[in-house]
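Construct all of the structure, not just a fragment, from the sequences and the given hints.
Chains as they are written, first to last, in the working numbering: chain E, 6 to 295; chain Z, 313 to 603.
Derived by calculation from the structure, the hints in this document are not laboratory data. Heads up, the beta-carbon is just placed ideally off N, CA and C, and yes, glycines get one too. Some hints could be false.
[Stated by the list, open to error] If you want the ones that stay clear, here's a sample from chain E, every Cβ over 10 Å from chain Z, calculated:
id, residue
1, 67
2, 69
3, 71
4, 235
5, 265
6, 283
[Unchecked claim] Each pair of labels, with its calculated beta carbon distance range:
id, chain 1, residue 1, chain 2, residue 2, range
7, E, 58, Z, 502, 57 to 63 Å
8, Z, 492, E, 242, 52 to 58 Å
9, E, 113, Z, 543, 47 to 53 Å
10, Z, 472, E, 53, 57 to 63 Å
11, Z, 487, E, 45, 58 to 64 Å
12, E, 45, Z, 472, 51 to 57 Å
13, Z, 472, E, 110, 33 to 39 Å
14, Z, 528, E, 11, 37 to 43 Å
15, E, 112, Z, 473, 39 to 45 Å
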Amino acid sequence: MSAMSVLAPISGRRRRKDKVARALLLTATLIALVPLVLVIYYLLKRGLGAISWHFFTSDPTGAFIGDPGGIKSAILGTIEMVALATLISVPIGIGVALYLVEYGRDSKFASVVRYFVDVMTGVPSIVFGLFVYIVLVIGSLGSGYAAWKGAIALSLLMLPVITRSSEVVLLLVPDSLREAALALGAPRWRIVFRIVLPSALPGLVTGSLLAVARAAGETAPLLFTAAIVFGTSFNLSDRMNSMPIQIFNDVGQASDVLVQRAWGAALTLVVMVLLLTLVARLVARRSRFT
Amino acid sequence: MSPEPVRSREQQRATRAEPAPNGSAAPKAEPRAPRATAGSDGRTVRLEGLRAFYGDAEAVKGVSLEYEANRVTAMIGPSGCGKSTLVRCINRMHEEIPGAHAEGTVRLDDADIYDEAVDVVAVRRVVGMVFQKPNPFPTMSIFDNVAAGLRLTGRRGGDLKERVERSLRGAGLWEEVKDRLNSPGIGLSGGQQQRLCIARTIAVEPEVILMDEPCSALDPVATLKIEELIDELKRDYTIVIVTHNMQQAARVADKTAFMLSGELVEFAETHTIFTNPSDSRTEEYVTGKFG
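Right, here's the structure in full:
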């Protein structure tokens, strides 16, 4: 009898509370899913119609009536500018993270840097666009729109994301490995290149790819830096088209065909980002430390 | 120990780096210069008033003692007595901990490794270290783990394969891994990993090997192998081993030092420490009254 009282069943009150709490959390989850599902639904419904071979292989014509052309220049422009932005921001971002983890550690300077990196993460992307506009587009340093200026705006956006994610990953590399290498008489730079970076590589790639995915969809940094053109360009000093700008431009047009092209481009962009995220996850799975 | 193919000492010596020069100059190794003198391969390590700090806390309070060449010296004492810290001062790993520093003198033969002119990196090439937890490099194969010591210290040339084989033989691991040198080092068992770490350490051809509780993460069989290995290694190296296990100290060490609260209580032949200690605290510790 006394054992029964110790092992009493859950009271009705607690059972009811548990049910209510579970129901609330489930509702919140479902509400969060609604817009996601709707976004995908509308993207497919309105975008699929625009997709065709012609859509991917022709540049926008700029014509209101007749063939509006595809989004080739936008896809290539986005790839070119994001690639350049990645080339700029990944080495610098990982470099800053390496400094913070391997050298700065708990120094005053390092914590100031960390703070500013956090602030930069929160800066709206349009601010980076404006900054590059003021300094490089209308400033004394240069004039006119150019793809490389857009890439710089994008890299400013990517830099804090890469720095933060890299720092986390580098911190996961066990100190015992650094100690082992130090005790062998290895100089620190060799430890960084031969032990720390290879150990952290999967995580570094994942963090960088997520930053790339984010940059690929940004409109604001490109709006006043790379501007909009119709034709495909491989010259980074020229104006260059990009997916977000193309969408931004098309969706406001008074032509159904152009609006449909915007949806088609949006769908393409989402699929591109999805693929990047997928690759990032696959690489992350190879990570040795979690 | 199973009859490991014997590693010739002449061969060892021929490729051994130039010993640290005497005096206060850096014990920088001249790669592969022939050894000038025959005789013992290990070096004497002498601590003179060594003190070690974590911030303001003094963990080692002025210890003086001499580790003889080609002998195994065990450091025993209860947790927190400073024995690990002391050993980490001998290859200047202690100062890698933020806020930590050491004072006093550590002489390798006659050179003071704390001399301002001395390159820390050079010290660690002469004084190798094996850690408590086996720590092979996870991204590297068995072969690369051993070669890492050479690659990380920027030594090229020579026959890498031959040196890796010699180091693995020296660590008593060759027969077990010779057919899978390219498989990852972390795929080995704990005891094998520890011997891999020893192979990595001796690949750099140090003069002194510090072992910080090398068997505490291993099972008794693996422990026995490491202990047999230590007995072999002392022909070529001066060995300092920190251990929590008094039986282990009794089995492997020629001399034993007992530490308590950062001070050296007693330092003598192992036999003396365990059977006829002169200090009552040593006796209490080795008979299991505390610690």
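Hints versus structure:
| no. | hint | verdict |
| --- | --- | --- |
| 1 | 67 | 52 Å, holds |
| 2 | 69 | 58 Å, holds |
| 3 | 71 | 58 Å, holds |
| 4 | 235 | 48 Å, holds |
| 5 | 265 | 49 Å, holds |
| 6 | 283 | 24 Å, holds |
| 7 | E:58 - Z:502: 57 to 63 Å | 59 Å, holds |
| 8 | Z:492 - E:242: 52 to 58 Å | 54 Å, holds |
| 9 | E:113 - Z:543: 47 to 53 Å | 50 Å, holds |
| 10 | Z:472 - E:53: 57 to 63 Å | 58 Å, holds |
| 11 | Z:487 - E:45: 58 to 64 Å | 59 Å, holds |
| 12 | E:45 - Z:472: 51 to 57 Å | 55 Å, holds |
| 13 | Z:472 - E:110: 33 to 39 Å | 34 Å, holds |
| 14 | Z:528 - E:11: 37 to 43 Å | 42 Å, holds |
| 15 | E:112 - Z:473: 39 to 45 Å | 43 Å, holds |
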